[in-house]
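Quick note, the sequences are listed as chains H and P, same order.
The letter at position 112 of the first sequence is residue 112 when you use our numbering, and the numbering goes up by one with no holes.
The letter at position 126 of the second sequence is residue 323 when you use our numbering, and the numbering goes up by one with no holes.
FYI, nobody ran anything at the bench for these hints, they're computed from the structure.
All C-beta atoms, glycine included, are put in the ideal place defined by N, C-alpha and C.
There's no promise every hint is true.
Said to hold, decoys possible - Label pairs and their computed distance ranges (CB to CB):
1) P:P527 to H:R145: 27 to 35 Å
2) P:V526 to H:P175: 35 to 43 Å
3) H:M173 to P:S418: 29 to 37 Å
4) H:P175 to P:D665: 33 to 41 Å
5) H:E180 to P:N619: 50 to 58 Å
6) P:L500 to H:Q191: 47 to 55 Å
7) H:R90 to P:D728: 47 to 55 Å
8) H:K101 to P:V526: 15 to 23 Å
9) P:E600 to H:P175: 51 to 59 Å
10) H:R90 to P:R721: 38 to 46 Å
Stated by the list, open to error - Straight-line C-alpha distance at most 30 Å; calculated DSSO-like pairs for lysine-lysine:
11) H:K60 to P:K514
12) P:K519 to H:K94
13) P:K694 to P:K676
14) P:K519 to H:K4
15) P:K519 to H:K60
16) P:K452 to H:K60
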Amino acid sequence: MKDKVTNILISGVGGQGILLASEVLSEVLMLAGYDVKKSEIHGMAQRGGSVVSHIRYGAKVFSSIIPEGQGDILLGFELLETYRYLPLLRQGAKVVANDLKILPPPVTLGREKYPENIPQKIRQAFPDTLVMDGLAVASRAGNPRTANIALLGALSTALPIETSYWHETLQKMVPERFLEVNIKAFDLGRQTAASQI
Amino acid sequence: MKRTMLSGNEAIARGAFEAGVKVASAYPGTPSTEILENIARYSTIDASWAPNEKVALEVGIGASFGGGRALVAMKHVGVNVAADPLFTLSYTGVRGGLVLVTADDPELHSSQNEQDNRNYAKFAKIPMFEPSDSQEALDFTRLALEVSERFDTPVMLRTTTRISHSKSVVEPSEPAAGPSTAGCIEKNPAKFVMLPGNARKRHTVVEERLRSMEEWACHQSFNRIEVGEGKVGVITSGVSYLYAKEILPDADILKLGLVYPLPKQLIRDFASRYDTLYVIEELDPFIEEQVRALGIAVHGKDLLPICGELTPARLNKALTAKDVQNYFVPSEPLPNRPPNMCPGCPHRSIFYSLNRLKAFVTGDIGCYTLGFMEPLSAMDTCICMGASIGNATGMTKVLDPEEARRVVAVIGDSTFLHTGINGLMDMVYNKSTATVLILDNRITAMTGRQENPGSGYTLMGEETTRIDLEALCRSVGVKHVTVIDPYDIEHTRNVIKTEMQRPEVSVVIARRPCMLVKRDPVKRQPSLAVDADKCTGCRACLQLGCPAIEWQPDAGDKGKAVINPLLCCGCGLCSQMCHFDAIGVRHEG
Numbered sequence: 001m002k003d004k005v006t007n008i009l010i011s012g013v014g015g016q017g018i019l020l021a022s023e024v025l026s027e028v029l030m031l032a033g034y035d036v037k038k039s040e041i042h043g044m045a046q047r048g049g050s051v052v053s054h055i056r057y058g059a060k061v062f063s064s065i066i067p068e069g070q071g072d073i074l075l076g077f078e079l080l081e082t083y084r085y086l087p088l089l090r091q092g093a094k095v096v097a098n099d100l101k102i103l104p105p106p107v108t109l110g111r112e113k114y115p116e117n118i119p120q121k122i123r124q125a126f127p128d129t130l131v132m133d134g135l136a137v138a139s140r141a142g143n144p145r146t147a148n149i150a151l152l153g154a155l156s157t158a159l160p161i162e163t164s165y166w167h168e169t170l171q172k173m174v175p176e177r178f179l180e181v182n183i184k185a186f187d188l189g190r191q192t193a194a195s196q197i
Numbered sequence: 198m199k200r201t202m203l204s205g206n207e208a209i210a211r212g213a214f215e216a217g218v219k220v221a222s223a224y225p226g227t228p229s230t231e232i233l234e235n236i237a238r239y240s241t242i243d244a245s246w247a248p249n250e251k252v253a254l255e256v257g258i259g260a261s262f263g264g265g266r267a268l269v270a271m272k273h274v275g276v277n278v279a280a281d282p283l284f285t286l287s288y289t290g291v292r293g294g295l296v297l298v299t300a301d302d303p304e305l306h307s308s309q310n311e312q313d314n315r316n317y318a319k320f321a322k323i324p325m326f327e328p329s330d331s332q333e334a335l336d337f338t339r340l341a342l343e344v345s346e347r348f349d350t351p352v353m354l355r356t357t358t359r360i361s362h363s364k365s366v367v368e369p370s371e372p373a374a375g376p377s378t379a380g381c382i383e384k385n386p387a388k389f390v391m392l393p394g395n396a397r398k399r400h401t402v403v404e405e406r407l408r409s410m411e412e413w414a415c416h417q418s419f420n421r422i423e424v425g426e427g428k429v430g431v432i433t434s435g436v437s438y439l440y441a442k443e444i445l446p447d448a449d450i451l452k453l454g455l456v457y458p459l460p461k462q463l464i465r466d467f468a469s470r471y472d473t474l475y476v477i478e479e480l481d482p483f484i485e486e487q488v489r490a491l492g493i494a495v496h497g498k499d500l501l502p503i504c505g506e507l508t509p510a511r512l513n514k515a516l517t518a519k520d521v522q523n524y525f526v527p528s529e530p531l532p533n534r535p536p537n538m539c540p541g542c543p544h545r546s547i548f549y550s551l552n553r554l555k556a557f558v559t560g561d562i563g564c565y566t567l568g569f570m571e572p573l574s575a576m577d578t579c580i581c582m583g584a585s586i587g588n589a590t591g592m593t594k595v596l597d598p599e600e601a602r603r604v605v606a607v608i609g610d611s612t613f614l615h616t617g618i619n620g621l622m623d624m625v626y627n628k629s630t631a632t633v634l635i636l637d638n639r640i641t642a643m644t645g646r647q648e649n650p651g652s653g654y655t656l657m658g659e660e661t662t663r664i665d666l667e668a669l670c671r672s673v674g675v676k677h678v679t680v681i682d683p684y685d686i687e688h689t690r691n692v693i694k695t696e697m698q699r700p701e702v703s704v705v706i707a708r709r710p711c712m713l714v715k716r717d718p719v720k721r722q723p724s725l726a727v728d729a730d731k732c733t734g735c736r737a738c739l740q741l742g743c744p745a746i747e748w749q750p751d752a753g754d755k756g757k758a759v760i761n762p763l764l765c766c767g768c769g770l771c772s773q774m775c776h777f778d779a780i781g782v783r784h785e786g
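So here's chain H without its partners, still in its complex pose (with noise of 0.2 Å):
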């Protein structure tokens, strides 16, 4: 496993909490013993703009952005800027997908349509798709701004690490008084994911 170079990428809308979903993996990739690159682009991008992040890990890892269609994992925080970033993955990749919609500037204003039935697209062409209502199991866990940590909870099944090291990481990035909410938020997405499995 340590040999081959694995590939996930994170995309979203800018202010969804993409950084430190994508600060938290690498980290605990890291913890794992692995060699781990990520890049995204911050600055304007980031005003509400589609957004995503590379990550790679292996045994040595080059360049930190990911060739196109060598993608394995998927982590969408928003289904158009999920669908949008399909053509990066590769054949039989998993697609994990926030049940979520954010309308961008040219649909509000009436000009263009947000596409229909994108969890069935996805499923069609990546068999292994978990579309996940994050916000709700955030809320569950007790603030619906845990979204990106309860969906980082379920790409968690998809990724040979052990727990103790996703807790160490929190503890490390999330701050304190926001700490108890945001392990609750990764463990209720861990285990909703694991269900649907």
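On the provided structure of chain H, position chain P as indicated by the hints.
Same frame as chain H, now just chain P:
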């Protein structure tokens, strides 16, 4: 020490700490901003935001001349602003080591051009290191400071967005042992006073320095050969090295850590072993042209793109002429998701008003450049930091007076203090009639909310004197300075309209803190909701382009607006737009 994940910017900050840097100065700019933010966490370094990059470099030069090590950081276009002191600093050399970090932005992820600042190294005759990952970013920062002192020269460290903002595993070291004493005055006018007589002599020193560095660089481990199968040779550096390793894993590689001056003999020896030799580099054929000048035949920009960043896919296509075979591509067109001003952004009503008033807006650099986007569509030029004001002056000089009244310069508080104030002095001095709008959101917002001379706080978090924008404008001779609250749409529009008509310079300061500034007492207000019974589907609220307002085409006869409570922060602009009193505070349940 323990392994840790660092971005290139965090690694540079760590390198500065380990190298005993005393003073660090910068103006924020993507992708360089986090360097100083991270340096500010080390108590041994005096870290500050300068009003612009020229001042940042001049502060660094002063620290160096006082005997301390200094680091200055800026984005690629910032070096244009700092170029004046830079070129002469090359002549004086340093006392304490000085490194200038230039963070370039191939692909223009967050920039107005994608200039390749390796050209500055050659132009200013300054050595330049280029790291390929975060470990090298740390190591090369330390190395650059040592080299700076050893060769008595400023040193540039060039990163690109994918180095600055990528994280990779780093093993930090303890700070270097050595003298970390305070600086001291040491007069040396022949070296530091660049009058022609002195500067002529220093120029010959610069040329000699480059010659000796070129020879020295042939024997340093940062310029290394990685042996592969011996069939194909590659010369590369920076992030391109990583892509070369992905796409040509069996090639022999000459990896250059120092991209200027080039180790000519090392390149000649390496090149002589291969029939096929590639130079793999992003943007300009910087290395390629110098290799060709040695009489060596190489493939480079005959195959590789000159525009945009390199990626593994683009490199593969360039070398094999094969496109990536995507397993799945959506068969329908997908709506774009361009960046947008945040809900509650104080800039929104300004651009709505300028749009309605049919203004020609000379724009500037900041979040407010997004005023260009639909439906606000009220920014007509954007060149560089501070350009809006000079551009407005020039335009009014060629228009007839009636047309000239439509010209409005729009500039943010931080950008105004960066280089906008000079344009305003020109306006007053040369009797321009244009209107200047300063969008004072009390922070440098686009780069991630950094302090500036108008915010009242330093980078280190200390309270400081806040520059009074009204007093500043009046002091350069502007007679009409008006402060407005952009959350009041009608007043905002009326004031701008009045000032546009005025046949002399006027400044309107729209003051309201950025919604994302945590320190200010602006709290999110309760979110608003649309009363579906009152909403007539007139779409007036949609003209604001607020991300929290969504359109439901199937509701009612004509469709209705709905407000997303998770995004709305209750600024109330949309309720001022609504003619039917349909928008009010959300009632739970």
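Hints and how they fare:
| no. | hint | verdict |
| --- | --- | --- |
| 1 | P:P527 to H:R145: 27 to 35 Å | holds, 30 Å |
| 2 | P:V526 to H:P175: 35 to 43 Å | holds, 41 Å |
| 3 | H:M173 to P:S418: 29 to 37 Å | holds, 35 Å |
| 4 | H:P175 to P:D665: 33 to 41 Å | holds, 35 Å |
| 5 | H:E180 to P:N619: 50 to 58 Å | holds, 53 Å |
| 6 | P:L500 to H:Q191: 47 to 55 Å | holds, 51 Å |
| 7 | H:R90 to P:D728: 47 to 55 Å | holds, 49 Å |
| 8 | H:K101 to P:V526: 15 to 23 Å | holds, 21 Å |
| 9 | P:E600 to H:P175: 51 to 59 Å | holds, 54 Å |
| 10 | H:R90 to P:R721: 38 to 46 Å | holds, 42 Å |
| 11 | H:K60 to P:K514 | holds, 24 Å |
| 12 | P:K519 to H:K94 | holds, 26 Å |
| 13 | P:K694 to P:K676 | holds, 17 Å |
| 14 | P:K519 to H:K4 | holds, 24 Å |
| 15 | P:K519 to H:K60 | holds, 26 Å |
| 16 | P:K452 to H:K60 | holds, 18 Å |
The structure shown violates none of the earlier numbered hints.
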